Amino acid sequence: MPSGARQGWLIATGIMLALCLFAVWQSSLLPLTDKLGPGPGFFPFWLSLIGAAFSVALLISVWRAPADPPDTEPILPRGYGARRIGAIIGTLAVTTLLMEVLGFQLAMLGFNIVLLVALGERRWITIGLFAVAGSFGVYYVFTRWLDVLLPAGLLGL
Amino acid sequence: MDAFQHLMAGLGAAMSPGNLMFAFAGCMLGTLIGLLPGLGPAAGTAILIPLTFSLDATGAIIMLCAIYYGAMYGGTITSVLINVPGEAASVITCIDGYAMARQGRAGSALAIAAIGSFVGGTIATLALVVVAIPLAQLALKFGPAEFFGLMVAGLCLVIGLAGKNLMAALLMTVLGLLLAMIGLDPVRGAPRFTFGFPELYDGVGFVPVVMGLFGIGELLLAAERREARMIEADLKKWNPTREEWRASAGAIGRGTVVGFVLGLIPGVGSIVPTFMAYVLEKRMSKTPERFGNGAIEGVASAETANNAYANAAMVPLLALGVPSSPTIAVLMGAFIVNGITPGPFLFTERPELVWTVIASFFVGNAILLVLNLPLVGLWAKLLKIPFSYMCAGVLIFCVIGAYGLKQSLFDVWIMLGFGILGYLLRKLDLPLAPAILALILGPMMERSLRTTLEISAGSFAIFLDRPLALALLAVPVIVLGFMLLKPRAFAPVRQADAE
Numbered sequence: 001m002p003s004g005a006r007q008g009w010l011i012a013t014g015i016m017l018a019l020c021l022f023a024v025w026q027s028s029l030l031p032l033t034d035k036l037g038p039g040p041g042f043f044p045f046w047l048s049l050i051g052a053a054f055s056v057a058l059l060i061s062v063w064r065a066p067a068d069p070p071d072t073e074p075i076l077p078r079g080y081g082a083r084r085i086g087a088i089i090g091t092l093a094v095t096t097l098l099m100e101v102l103g104f105q106l107a108m109l110g111f112n113i114v115l116l117v118a119l120g121e122r123r124w125i126t127i128g129l130f131a132v133a134g135s136f137g138v139y140y141v142f143t144r145w146l147d148v149l150l151p152a153g154l155l156g157l
Numbered sequence: 001m002d003a004f005q006h007l008m009a010g011l012g013a014a015m016s017p018g019n020l021m022f023a024f025a026g027c028m029l030g031t032l033i034g035l036l037p038g039l040g041p042a043a044g045t046a047i048l049i050p051l052t053f054s055l056d057a058t059g060a061i062i063m064l065c066a067i068y069y070g071a072m073y074g075g076t077i078t079s080v081l082i083n084v085p086g087e088a089a090s091v092i093t094c095i096d097g098y099a100m101a102r103q104g105r106a107g108s109a110l111a112i113a114a115i116g117s118f119v120g121g122t123i124a125t126l127a128l129v130v131v132a133i134p135l136a137q138l139a140l141k142f143g144p145a146e147f148f149g150l151m152v153a154g155l156c157l158v159i160g161l162a163g164k165n166l167m168a169a170l171l172m173t174v175l176g177l178l179l180a181m182i183g184l185d186p187v188r189g190a191p192r193f194t195f196g197f198p199e200l201y202d203g204v205g206f207v208p209v210v211m212g213l214f215g216i217g218e219l220l221l222a223a224e225r226r227e228a229r230m231i232e233a234d235l236k237k238w239n240p241t242r243e244e245w246r247a248s249a250g251a252i253g254r255g256t257v258v259g260f261v262l263g264l265i266p267g268v269g270s271i272v273p274t275f276m277a278y279v280l281e282k283r284m285s286k287t288p289e290r291f292g293n294g295a296i297e298g299v300a301s302a303e304t305a306n307n308a309y310a311n312a313a314m315v316p317l318l319a320l321g322v323p324s325s326p327t328i329a330v331l332m333g334a335f336i337v338n339g340i341t342p343g344p345f346l347f348t349e350r351p352e353l354v355w356t357v358i359a360s361f362f363v364g365n366a367i368l369l370v371l372n373l374p375l376v377g378l379w380a381k382l383l384k385i386p387f388s389y390m391c392a393g394v395l396i397f398c399v400i401g402a403y404g405l406k407q408s409l410f411d412v413w414i415m416l417g418f419g420i421l422g423y424l425l426r427k428l429d430l431p432l433a434p435a436i437l438a439l440i441l442g443p444m445m446e447r448s449l450r451t452t453l454e455i456s457a458g459s460f461a462i463f464l465d466r467p468l469a470l471a472l473l474a475v476p477v478i479v480l481g482f483m484l485l486k487p488r489a490f491a492p493v494r495q496a497d498a499e
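From first to last, the protein sequence lines are chains A and B. Going by our numbering, the first sequence opens with residue 1, and the numbers climb by one from there. Going by our numbering, the second sequence opens with residue 1, and the numbers climb by one from there.
Derived by calculation from the structure, the hints in this document are not laboratory data. Since we're looking at a predicted model, the values are computed, not measured. Ideal Cβ positions, reconstructed from N, Cα and C, are used throughout, including at glycine. Don't take every hint at face value.
[Unchecked claim] Residues on chain A that point at chain B, a partial pick, calculated with CB under 10 Å:
no. : residue
1   : Gly8
2   : Thr33
3   : Pro38
4   : Leu47
5   : Ala57
6   : Thr72
7   : Pro77
8   : Gly81
9   : Leu97
10  : Leu119
11  : Leu146
[Unchecked claim] Listed below are the simulated EDC-like cross-link pairs for lysine to aspartate or glutamate, each with C-alpha atoms no more than 16 Å apart in a straight line:
no. : chain 1 : residue 1 : chain 2 : residue 2
12  : B       : Lys286    : B       : Glu243
13  : B       : Lys427    : B       : Glu224
14  : B       : Lys427    : A       : Glu73
15  : A       : Lys35     : B       : Glu243
16  : B       : Lys406    : B       : Glu199
17  : B       : Lys384    : A       : Glu121
18  : B       : Lys406    : A       : Glu73
19  : B       : Lys406    : B       : Glu224
20  : B       : Lys406    : A       : Asp147
[Unchecked claim] To be clear about the criterion: a stretch of chain B counts as covered by chain A if any three or more of its residues have a C-beta under 8 Å from a C-beta of chain A, and this derived list gives those stretches:
no. : stretch
21  : 172-178
22  : 402-413
Only chain B is shown next, with the shape it has when bound in the complex (with noise of 0.2 Å):
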């Protein structure tokens, strides 16, 4: 079966009923979460973890990807009508949408954004169909020592565009590392940092971890804040003019050829698509300056290369096994949790729910358009839940996950304890990003580079035998050298990226 009728099964099967229900719920979710500012996708996928303990691994994943790119569309609404980003991506939005909610345009800005977040996402699921196979087909030849260089390249992209200091970028990765060492040694069985408690095992529970530093981090973060006042938006009118649709066209366009390449590349954090879009949009405007008061066109690049990237960053996950940022570690996890590896061999072993899971990307995407565009006045009175309800519901979410997977008191406390110390990182600004992607893919680098060096009887001779693991080695030490000795070349994205 080629890769269009693998995908006409998958979209048989996503259509379901039951998938149809989970892809429907978590958009739903996703977008109730994306619209809660201070809570991003990561926590909102984290959070939502437990309510797919109970579902076969198709409809969990299914119902985890429709939250994850809901809450980047649901980021949209808090951006447009109280100025906050619901989630980082959304932080470019808050420019033009904010703008034209203030002169009465809000409908149409969020019309907009969910006309160009379906546009942008379904265009780049049809080019992950195209790339996907290919990419995986390729992996399949790779060895432990290629696996090894690929966990290394993806995670050093991800430190060379994480945050503005490159040391404490590195610093982070060790750390997320050194937590993922935490329990039996995975070739030997031998106890490791493991301090006499039998919960530490397992090693640090991911599910927790990433609760605690995204769920309670970014809570602690918000409750810190006042609340921001809501615009009173007439949201009846959201259908955009005819001048409105022609603006939008060819950003639409621009922003999903942005998003989707930049969603390929490991460590692009989703701010950086969006950035781009914007500055490419502006730059090509021969009016630049309404940017910045309400140009329509600045809130379609955004929002589309924002959908396009959510789903280009699919690509290396399920096609390499190497998430490319945190939210997609977090699916990752969400995967790892239900018995899935994602990689390559995903689409020998399991294609029926590999194929499941990207046709119902489009199922999702539809999903998402035709739940924004008539609810937007009902997200717009959610936003009026005050911070204390929220809170404690978000708060409720996160007990039940941590304690939910293993039914484990300790990792309530490991939630906890790891919520102050995302809150604390945050507050020094020290990037996240490398420190969770060092935890998941912590375990299968140290495996990897294990039985490459029993292949080899501890030679690292070997990696001088093996082309593409040498390349592959070769990326971080080009990506950081370059970094160390030409600083200003990637500080523009850098600087996107942390702010």
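Okay, chain A solo, but in the shape it has when bound (with noise of 0.2 Å):
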């Protein structure tokens, strides 16, 4: 365990147990054995049994551990880290849900120009050469030249 990371430890190692024991419950709702031999069930539910064992010991060992040295440096960014990686989400979430109305090619051209902006450019003419380039020229290449399907949106662009 990295030095100031044991209260990050303990929340992923319990994430893991709970995720470990809903395993366990939904894959016993499936037949463990058959007449063939193991059923749906088996490997998920014996997977998930030991994965819970193993959770448990790491949660043990973890919780054992000197706590965090109180100037620890928190896991999560702030700040100047916290803006760009939020920025980066919040526009490929958006983007995502946007896309089936606008398609690939409205959304990207937004996606572009509000991600560069959040990140930090200015340069206005190549932001927007770049946006264009990055969603209808892009959109060109793949749908045409690599004929791989692209949302096309309500408006059919």
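Join these two chains into a complex; the hints should help.
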């Protein structure tokens, strides 16, 4: 465990324990064995049970580890890093939501402009050129030359 | 036909204009991806999968393999010029490569890295030709019990050497295997963990998951850091001096051997061979104090070992169907996406494909050498592209890759979710390699185990009747037992890999 990550590891191991227990329950609803031998629930049941045991063992060892020093740098970013990460996740999520309606080209045009501005770019001509190339240009190359289907949206763009 | 004749036929096919173009494009794109700080070969290969959707299987695999070893070389350029490794295996190159750049010898460092990579990669591919067929013939005798044992052994070696905490690596393996269980049961077809989403009946797509874990995850991590400054190097003078040639020759030879041997062992990450080759060179040197201050042998040994490893790591994949690292797992995913199952049957069922791909490694290594020596100045200029544009470009490819395979926006959400997960796991220093290998091996492991147990009517005693399967299953017991009892014995390797 890296120094200062005790709290993060406790949370991660706790989530893994919950996930494994949930998987034990879900796979116990499936047949563990049938006429031919092991059933669909066999592998996930034993796997998640073993995973739960590992989670408990790791949880105990992390719990016993010394507490994080007070001046520990937080695992999650703050300030500059948090803003940039938030911009990337946020713009990608909104673009994915809008892509079905607006289609790849318009959604990506907006995505490129918003993301570049959010990451600190201010040269508008470069931003515009990149945004057009990264939306209409990429759509043309992938759909016409590489035969990859991309969402056309309600407007058919 | 023997291996040599197959190789010659493969070389003929690899030299066809179409395949040459795919190898060339793969080398260019791979180098470009490799020199973008924060994006390694696994991310690069995953991100560029959509470019191969419309290609035939041979062209697609040639291009993706070229991207892989192109990215391995591309990482060197950032290591030398901005002291930031483009991918993990180039960490060691930073030590002496950056010191050389500060002394005005960046051209020599990059040239010797390109030459070492070429020699290491070419000799490792020749050795691959010799080793792969006997290994594949041995694997043809395997039944489901032996395949199960082989996959468990391979996975456990990865677990044993991944990261600093064995229990965490085991837990990440369980996570990968549980993700592999999502979808229709491979034997009976019963839905598992699908929660009413028909999109999950085919399972969690490998491409969106690796694009998320590696592409988006690494990008988010890079976004957090401030951009590094590049050294203004004179790259017109790249020819090493006679002394530098003399100093590098032995290091290239030894780096090839170290890289190839370690590349054959599943679980040995790409940084371990470079670390071992560097340490070996330093110990053999009469002037070890020069290491860290611009010793060209340091660059030559690490870069040669890096590329020899990259080519040798294809042996377990092609001959046994077992990926030995996350990048190779991504390549295996690309094979499967193209309807090809890597493993011993590949040599009998699709010899024209496998030998063309192997022959393309020679071609790709030569293209990389020709490309990298004269174009090093151009690559250095590309390093000046601001992070924001690189980030937007990579994300466009990620969206196309995740969506393009099944035309499903659900997969784009999966990619985004796994991107955030990949970022958090990296921040917590939890190993990703076991999870990704478990994800790709999970369905095959389950199928092998269940077929074995169906043969024996549910009795595990069948493993006692199959000595080879038993021996393979003993490997993880020995490795993991040894690691629990003597954790310090593996500490240097795990430390190097984790760092």
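Does Glu243(B) sit within 16 Å of Lys286(B), going by the straight-line distance between their CA atoms? Since the Cα atoms of Lys286(B) and Glu243(B) sit roughly 15 Å apart, the hinted pair holds (cutoff 16 Å).
Within 8 Å of chain A's CB atoms, at least three CB atoms from the stretch 402-413 of chain B: coverage verdict: holds (count 6)
What's the verdict on Lys35(A) and Glu243(B), does the C-alpha distance respect the 16 Å limit or exceed it? With Cα atoms ~73 Å apart, Lys35(A) and Glu243(B) exceed 16 Å; violated.
Per the CB criterion, is Leu97(A) less than 10 Å away from chain B? Interface hint status for Leu97(A): holds (9 Å vs cutoff 10 Å).
Against the 16 Å threshold, does the CA-CA distance of Lys406(B) and Asp147(A) hold or violate the hint? holds, 13 Å
For the restraint on Pro38(A), tell me whether the closest CB of chain B is nearer than 10 Å. holds, 5 Å
Using 10 Å as the Cβ threshold, decide whether Pro77(A) counts as touching chain B. holds, 5 Å
Does the structure keep Lys427(B) and Glu73(A) at a Cα separation of 16 Å or less? holds, 11 Å
Is Lys406(B) close enough to Glu224(B), meaning Cα to Cα at most 16 Å? Since the Cα atoms of Lys406(B) and Glu224(B) sit roughly 32 Å apart, the hinted pair is violated (cutoff 16 Å).
Against the 16 Å threshold, does the CA-CA distance of Lys406(B) and Glu73(A) hold or violate the hint? At roughly 41 Å apart (the allowed maximum being 16 Å), Glu73(A) and Lys406(B) break the hint.
Go through the hint on Leu146(A) and say holds or violated, using the shortest Cβ distance to chain B against 10 Å. holds, 5 Å
For Lys427(B) and Glu224(B), compute the direct alpha-carbon distance and say whether it is at most 16 Å. holds, 11 Å
In terms of the numbered hints stated before, the structure departs from hints 6, 15, 18 and 19, listed from lowest to highest.
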